[in-house]
Amino acid sequence: MRISLPYSKKKRYLTGMDWIVAALDCISRRYTGGSNASQIVLELRGPFDDAKFMSAVAGFAKMFPVLRGRPARCWNLAPYWKIPRRGSQVPVRVEISTVSESEMHAALEQSANTPFTESREHLVFRVFHIGADRHCLAMRFDHFLFDARGAESLLDIFQCWQKGHDCSARIDGISLTEPAHLSDWIKKFDYGRLLVRMLLELTKKPLAVLPRPAPLKGRKFRFSIMEFSEEETVAITARAEKEAGFMMLMPYLLGTAVTALHDVFKARGCSGEEEYVFSVSVDLRTPDNAKAKLFFNNISFLLFRIPVFLAGDRKQVLETLRTQMYDQIKSSFPLAISESSMVMRILPLNVFGWVLLRPFKGEFASCGFSCVGKGGYRPQKFMEADVENLYHMPLVPLPPGLGFVVNQYGKKMNATLSFVDGLMSREEVSAVENRVRQLL
Amino acid sequence: MCFAYGLIAGAREELSGSCIDVCFFRKGFSYMEKMSVRDVEKKLVEEIAIILCSDPSAIKPDVPLPSLGLDSMGFVEILVFVEKTFGMRLIESGLTREDFQTIHALASRICTGPRS
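Protein chains in written order, with the numbering used here: chain A, 58 to 497; chain B, 23 to 138.
Derived from the structure by calculation, the hints contain no laboratory data.
Incorrect hints may appear among the rest.
Short derived list, chain A residues pointing at chain B, Cβ under 10 Å [what the hints assert, rightly or not]: (1) 293; (2) 298; (3) 346; (4) 382.
Note that beta-carbon positions come from the ideal geometry of N, C-alpha and C, so glycine has one too.
Please take these sequences and the hints and turn them into a complete structure.
What follows is the structure, encoded as structure tokens:
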């Protein structure tokens with residue numbers, strides 16, 4: 058029997074957060090048949106050479122055999138990502154098609170919902186030509202291998218590399234090693250105890266959720282993209298500071314999502330006895346290590362509870378969000394999740410998925426929320442074309458199958474509402490869009 | 023005159039790229055020391071360097087906090103540090119730009135003490 062040694066170039070131990078992401082993938086597959094994946098969209102204007110792009114992708118992918126990896130278990134029972142040896146084939150699919158302006162959104166939705174064709178495929182590019190100088194690039198990626206910011210950074214390196222700039226130091230600096238995290242058990246169990254206490258506190262009141270449509274199998278995700286101009290983004294940032302406080306943009310945007318979605322929940326009969334729980338993914342990278350931590354999941358979660366009776370009053374919502382964020386960071390809640398989940402890696406994914414849904418009796422949260430950190434993709438061009446905008450289209454794991462993602466590209470802000478088909482009606486989505494614009 | 027009281031004994035553990043405070047703030051008068059704005063600034067620079075995983079010498083006290091690369095999370099981490107170290111819960115204050123714009127402004131705010 059062959060025993061793999063730690064820090065082998067062919068393996069990267071998975072962290073507890075990677076295992077949570079993988080378990081959410083497992084749950085999503087069980088419910089809808091879809092996976093825990095996401096898509097970055099670049100709106101481009103200018104010349105775009107398909108052949109050059111395909112050739113560049115093929116050459117670039119060769120440098121990252123990790124893109125063709127798969128999860129496996131080590132002799133010490135820790136899960137790891139099995140990386141093919143350098144020089145092995147790393148085909149990354151690139152699909153080219155032409156669509157009209159009116160078909161664009163549907164094509165992007167279709168792209169986000171189209172599953173990977175095999176278990177070792179984790180990345181697909183799709184180019185949509187709308188006209189001679191208008192294009193959309195969609196990069197669909199597996200959340201097992203990238204989080205949102207990591208995926209943006211991959212595109213950033215790709216652009217740097219294909220322009221012929223020397224990126225060797227940057228590429229060599231990408232970390233593909235991770236310890237097995239099989240020590241400090243007492244600390245991990247202590248964090249586990251802290252986490253359980255906080256979850257017990259969170260689950261005292263019934264969770265407000267939108268009823269899931271039936272049957273769920275085969276249901277696709279729908280997206281509503283809200284783009285904000287440079288002027289609107291400046292105004293939003295100024296209002297965030299005025300209403301939520303200095304550097305409190307994330308709580309402000311979250312508060313807006315809570316208040317906007319509250320109308321839909323209320324109309325569906327959510328009572329004042331219930332509470333919303335918003336799971337917010339937070340980036341654990343620092344500006345210094347962001348370039349090295351490109352692959353896998355460098356995130357954790359904050360869980361915010363908002364009583365239904367309070368959710369209509371944004372001032373109070375912002376106040377409670379700010380206090381909860383402070384208290385959770387003070388009690389190291391994000392760290393408690395990432396550390397205690399290391400212990401749970403012993404569980405097979407389907408069992409871990411079941412455990413994740415236990416605290417809320419089969420639910421996970423009322424809604425997911427994410428504010429993607431700035432600066433993952435910085436260039437103003439992609440290939441030779443100008444980048445007009447960049448936004449995310451995530452398939453939010455089900456439950457809840459409902460999520461809000463905010464990102465900033467350059468000076469523009471985008472908000473994406475993602476939901477499983479049938480969870481919200483067209484009128485409700487339109488009402489949420491209007492409410493968000495009105496509140497921001 | 024500054025009335026901020028300093029961290030007496032501190033230890034910090036690096037955990038998977040994130041940090042956890044295990045600082046021991048003792049309230050015994052014998053351990054307390056008066057700190058100047060400059061001392062508070064130094065402590066804040068050290069903490070921000072840890073949050074950003076960067077070199078303290080690269081962090082200038084008069085540079086706006088957002089341009090250091092801090093986001094809402096990082097900013098709240100600083101506020102938590104201030105509470106654990108100086109005993110001031112600033113999250114409940116107005117969080118105005120004037121008080122938090124730079125490390126120097128924050129240090130001055132800490133030294134001024136809680137507002138009524």
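Results of checking the hints against the structure:
no.	hint	in the structure
1	293	14 Å, violated
2	298	7 Å, holds
3	346	6 Å, holds
4	382	6 Å, holds
The structure fails to meet hint 1 from the earlier list, while all remaining hints are met.
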